[in-house]
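> So you can see what is in the structure, the chains are spelled out below.
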Amino acid sequence: MSTVGESFVTAAGLVVAADPRLLDIVCLSLTVSLSAVFIASCLGLPIGAAIAVGRFPGRRTLTVVLNGLMGLPPVVVGLLVYLLLSRAGPLGALGLLFTPSAMVIAQVVLITPIIAALSRQIVADAWRDYEEQLRSLGASTPRAACTLLIDTRFSLSTAVLAGLGRAVAEVGAVMIVGGNIEGVTRVMTTSIALETSKGDLPLALALGFILIAIVLILNALAHAVREWAVRRHG
Amino acid sequence: MAEALLTLEALRFDAGGHTLIDSVSARIAALRRTVILGPNGAGKSVLMRLMHGLLEPVSGRVHWSGGKAPVQAMVFQRPVMLRRSVLDNLTYALALAGVAAGERRTRAMDVLQRVGLAHLASRPARVLSGGEQQRVALARAWALRPAVLFLDEPTASLDPGASAEVERLIGVIAADGCSIVMSTHNLGQARRLADDILFIDSGRIAEHTPAADFFAAPRSAQAEQFIRGELSWT
Ligand SMILES: Nc1ncnc2c1ncn2[C@@H]1O[C@H](COP(=O)(O)OP(=O)(O)OP(=O)(O)O)[C@@H](O)[C@H]1O
Ligand SMILES: [Mg+2]
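Going down the list, the sequences are from chains A and B. The first sequence: position 67 = 67 (my numbering), numbered continuously. The second sequence: position 191 = 191 (my numbering), numbered continuously.
Here chain B stands alone, though its shape is the one from the complex:
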């Protein structure tokens, strides 16, 4: 098995009187693409926030191999754009990451070029369409050159062409030496992108297996039901 990127140890998170994440232990492999699957409200977004360090677990812990968290970035389900141009949104993130002032613009333009958004560089970011904002958010995250990239349903509001493009970019980013942890509802996408599947249901891990095994023969009843349910719709 591949080297571990991070280990989740009996993670638990409560909010609003409910236990949203319960007894989650897992070993996320480095330099692989881990896809978190699960129905709405399963706790995918909460789990990613815990891994990314935006939420503090009530008990348990997130342990990064090597002892300290690597450079990481996250693209949220609903990305937040600053009220400034697309390019400035990227250079802002680079400034926070400590990139030298002289280098920010070039680096930002370079990434925008690679995601095919260079023509939007000078546009105010908040008036872009939802799908465009999603891709700017991906570019902003990528520009940070993270060792781990968390993607929360990165293609949820994209049209098929843009989705395919984002999937391609995720492949490129991963091939660049970045570990990917992403959530999706889309089984086809999971099939195309995942190396490993982390299937969660009601805040617990139902299954954590290599993608090939998962799709060939899901081991848990919930996962099997999820696959059947989803397939019967498509």
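For reference, chain A alone in the conformation it holds in the complex:
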């Protein structure tokens, strides 16, 4: 009991003192996950919009598959990316395994379906309202998809944040492809797992605080932006 209490105090101290070890880990975490979210958004938003607006065979099946992929188990993604990047794998020559790039790739695989599936839903809902008007104005399907992505931008921020939340909090995939190498590929979640198993509860707890705080702040921000946007733009 008292060790837990002491751990909390020490953890708070580490956060307040902005411990450099802590900062490095947090920075790497954010860099990896933000890069992954950026790439996954560039892929997922157009994919979601295309499935929402496009008329092609297999669209329903694709929607079901995409929704299913939202629940991809991170360790399995980690394993697949590991096989892809390992020395003997198809992309082995790039030498990316156990680098931050490998972690970015794994997170992109993990969250692109999330961003695509959520944005498909958002764009499809808007399309129901906009379809006749846009077709009347002569918008081609790709043009309509772009217009809808722009028009639903505030709602889409939720989809992107869901992806970021998942990326930053995920441990299985980055552990496997990053290897949790200190100072190179050690991020918040892998540190928490490691430090806990080593018994260094204060560092694990301090990272836990920060992780939760980051997730909360991001969601609060997204909420505020949406509220403001609805008031301003309807």
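Just so you know, the hints here were simulated from the structure itself, not pulled from any lab data. Idealized CB from N, CA, C, for every residue including glycine. Please note: incorrect hints may appear among the correct ones.
From chain B, some residues computed to sit far from chain A (all C-beta separations above 10 Å) [to be verified]:
#, residue
1, A26
2, L117
3, R192
Calculated cross-link-like contacts (lysine to aspartate or glutamate; reagent style DMTMM-like; alpha-carbon spacing at most 25 Å) [claimed, not checked]:
#, chain 1, residue 1, chain 2, residue 2
4, B, K68, A, E132
5, A, K198, A, E182
6, A, K198, A, D19
7, A, K198, A, D24
8, B, K68, A, E131
9, B, K68, B, D176
Could you slot chain B with the ligands onto chain A? The hints should help.
Then chain B with the ligands, alone, in the frame of chain A:
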């Protein structure tokens, strides 16, 4: 009789297991104002969508004189504004219509001026009142300089002053050399604006006559009933 703008040939449209438009054949005159009259649910909106090409008939066809559809625009019963400024809503439509980038703004501002909405140009379009949105939609359609303008109850949500203004604008647009096809419930408005009346009931044409004849002596029982019913309310 005036030259034909378009000819409807045995048009039929089904949806949800019902026949919504049945055996509709008519010749819509060019450069005139055709008002589609009929009770709620008669099929006015569906018929206009068929003419505008947003719906494909199950059988029959819409034949444009000259073989190909002219530049056309439609103002919907519930207009859809994009989540951007009023001016940008107009320039967007102009961009889709292929108007050169340098010309869009001037043309949009010019039309906004003419419909008396220049003061709203920079306002976000979706937070305007229903009546204001309706007029922006009219401006957006007019800016396209259509040869045919479809108007689905363009004054349904307008106050008397704004209605009178929109009726005046419809007159101006028509005088500019644009064929008008509009629907309304308002008999007074039909009287003021119509050159021809197309009266439909339960998806069929009950009567298609010049407005003067229609109001002097409706030929169909349904139209007579409609006029009596409506007059007894006003
Ligand atoms: N996509 C659809 N699927 C099924 N039914 C439809 C569809 N669109 C319209 N309807 C039905 O077709 C009928 C005619 O609809 P429409 O909107 O053309 O009526 P309207 O004459 O414009 O009526 P209002 O005066 O109320 O605008 C209605 O009974 C409506 O419920
Ligand atoms: Mg209608």
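> For every hint, state whether the structure bears it out.
Here is what the structure says about each hint:
With 10 Å as the threshold on Cβ separation, the claim that A26(B) sits away from chain A holds: the shortest Cβ distance comes to roughly 21 Å. Residue-level check passed: L117(B) sits 17 Å from the nearest beta carbon of chain A, beyond 10 Å. The Cβ of R192(B) sits about 26 Å from the closest Cβ of chain A, beyond the 10 Å cut-off, so the non-interface label holds. This hinted pair checks out: K68(B) and E132(A) have alpha carbons roughly 21 Å apart, not beyond 25 Å.
Of the pairs offered as hints, the one joining K198(A) and E182(A) holds, with about 14 Å between alpha carbons and a cut-off of 25 Å not exceeded. For the hint pairing K198(A) with D19(A), the CA-to-CA distance comes to about 19 Å; that is within 25 Å, so the pair holds. Only pairs whose Cα atoms come within 25 Å are accepted, and K198(A) paired with D24(A) is accepted, the gap being roughly 20 Å. Restraint check for K68(B) and E131(A): satisfied, since their Cα atoms lie roughly 23 Å apart, inside the 25 Å limit.
Annotation: proposed proximity of K68(B) to D176(B) holds, straight-line Cα distance about 21 Å (limit 25 Å).
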